[in-house]
Amino acid sequence: MIICKVIGHVWATKKEPRLEGLKLMVVQEEGTEKQTHVAADVVGAGIGEQVLVVSGSTARSIFRERMDGQVPTDMAIVGIIDSLEIDPTAK
Amino acid sequence: MIICKVIGHVWATKKEPRLEGLKLMVVQEEGTEKQTHVAADVVGAGIGEQVLVVSGSTARSIFRERMDGQVPTDMAIVGIIDSLEIDPTAK
Amino acid sequence: MIICKVIGHVWATKKEPRLEGLKLMVVQEEGTEKQTHVAADVVGAGIGEQVLVVSGSTARSIFRERMDGQVPTDMAIVGIIDSLEIDPTAK
Amino acid sequence: MIICKVIGHVWATKKEPRLEGLKLMVVQEEGTEKQTHVAADVVGAGIGEQVLVVSGSTARSIFRERMDGQVPTDMAIVGIIDSLEIDPTAK
Amino acid sequence: MIICKVIGHVWATKKEPRLEGLKLMVVQEEGTEKQTHVAADVVGAGIGEQVLVVSGSTARSIFRERMDGQVPTDMAIVGIIDSLEIDPTAK
Numbered sequence: 060m061i062i063c064k065v066i067g068h069v070w071a072t073k074k075e076p077r078l079e080g081l082k083l084m085v086v087q088e089e090g091t092e093k094q095t096h097v098a099a100d101v102v103g104a105g106i107g108e109q110v111l112v113v114s115g116s117t118a119r120s121i122f123r124e125r126m127d128g129q130v131p132t133d134m135a136i137v138g139i140i141d142s143l144e145i146d147p148t149a150k
Numbered sequence: 060m061i062i063c064k065v066i067g068h069v070w071a072t073k074k075e076p077r078l079e080g081l082k083l084m085v086v087q088e089e090g091t092e093k094q095t096h097v098a099a100d101v102v103g104a105g106i107g108e109q110v111l112v113v114s115g116s117t118a119r120s121i122f123r124e125r126m127d128g129q130v131p132t133d134m135a136i137v138g139i140i141d142s143l144e145i146d147p148t149a150k
Numbered sequence: 060m061i062i063c064k065v066i067g068h069v070w071a072t073k074k075e076p077r078l079e080g081l082k083l084m085v086v087q088e089e090g091t092e093k094q095t096h097v098a099a100d101v102v103g104a105g106i107g108e109q110v111l112v113v114s115g116s117t118a119r120s121i122f123r124e125r126m127d128g129q130v131p132t133d134m135a136i137v138g139i140i141d142s143l144e145i146d147p148t149a150k
Numbered sequence: 060m061i062i063c064k065v066i067g068h069v070w071a072t073k074k075e076p077r078l079e080g081l082k083l084m085v086v087q088e089e090g091t092e093k094q095t096h097v098a099a100d101v102v103g104a105g106i107g108e109q110v111l112v113v114s115g116s117t118a119r120s121i122f123r124e125r126m127d128g129q130v131p132t133d134m135a136i137v138g139i140i141d142s143l144e145i146d147p148t149a150k
Numbered sequence: 060m061i062i063c064k065v066i067g068h069v070w071a072t073k074k075e076p077r078l079e080g081l082k083l084m085v086v087q088e089e090g091t092e093k094q095t096h097v098a099a100d101v102v103g104a105g106i107g108e109q110v111l112v113v114s115g116s117t118a119r120s121i122f123r124e125r126m127d128g129q130v131p132t133d134m135a136i137v138g139i140i141d142s143l144e145i146d147p148t149a150k
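Same order as they appear, the protein sequences are chains W, Y, A, B and E.
Going by this note's numbering, the first residue of the first sequence is number 60, and it counts up by one from there.
Going by this note's numbering, the first residue of the second sequence is number 60, and it counts up by one from there.
Going by this note's numbering, the first residue of the third sequence is number 60, and it counts up by one from there.
Going by this note's numbering, the first residue of the fourth sequence is number 60, and it counts up by one from there.
Going by this note's numbering, the first residue of the fifth sequence is number 60, and it counts up by one from there.
What the hints contain is simulated information worked out from the structure, not anything from laboratory work.
You can take every hint at face value.
No copy is singled out in the list; a pair is fine if it fits within one copy or between any two copies.
Simulated crosslink set (DSS-like; lysine-lysine; CA at most 27 Å straight-line): (1) LYS150 - LYS64; (2) LYS73 - LYS150; (3) LYS82 - LYS150; (4) LYS64 - LYS93.
Predicted model only: the values in this text are computed from it and were never measured.
With the sequences and hints as input, model every part of the structure.
Below you can see the structure in the form of structure tokens.
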């Protein structure tokens, strides 16, 4: 998983039918990379929150279990981070 | 998913038979990376449009459902972006 | 697999139900990249330890075998490194 | 898919038995990255040609259909590019 | 596949039980990146040798066929390179 911050929303009227109803959010990777991705949200994340994001077939597996069907996303927000405890001496 | 802009077309006469009939478009990642990829289009995207692109087995899963068969692509355009709302204070 | 150092913990109350009970640790890639990830721990790794981390569907496969179910993680700590022997002449 | 140029061949006598008989070619990514990979060729590509390359489980799926078995490659050349039409105003 | 050089060994006593008995080697990517990974060896590679390395579910598929079970690795050495023939005019 990667740690991201939710920074926005994306709207697409013309899309793969099975993406219908998904909340698609723009997330930005924390750390040195700062890359931007679009992830489907399943935990009710809001703008500005720090979240856990999974990629690839793992993102798809969430919807397979929840909706008993294929949802063509390769990224999903799976948790809202309450706290992050980094040991400075371990780095 | 990544946010890309459609910048061109690619033609290949000699190819894997199961790629036959696919519309293959050249897309460029938005943001700092600007990498170029080739993605199969299923939503009717045009040159210059901002699109949502999925990768890996997720791209393949789209065609499995649609055509009941294996299509050997690892990238697909799944949505045309109408609007992108980024919160400047969240970044 | 990548070689990482465990540098912290992450807590998320609001999360995908099937992540419940997993120990999620912050790991930092060794080497030039130094990227930070979050991985589910199955071997009892502690802060400061050097570990082996797997990604993608491989991480998920571990939980499929262990818990007979889908766990939506795309990264897992699968070993604690005792020693790493690099041949300086081979580099 | 990524756009690569075929730049060489690779020979390996000692290898996974199921790689036997595959034509393994060295390909170089076009664009800014210029990374080098080894891909199994299924379309008869030659040195200097621009090709379409798929990665991951998609590469493996090609051989599953063709040879009814597992071929342990994670990269395959699936098309020879005839022409690439990039719109300069779209970039 | 990527071209790597075998540069070392890694030992881990505390590990996922299904990694037991695997020979885990430290490999370094050739080319500009020089990233270090840990790969399971199935071809008897030695320190200093140039090898072909597969990633992701492809690495896991090798062990599924060989040992009829899941081995949680996402990287495997599948060939020892005898020779690499790069056409300088093609680059």
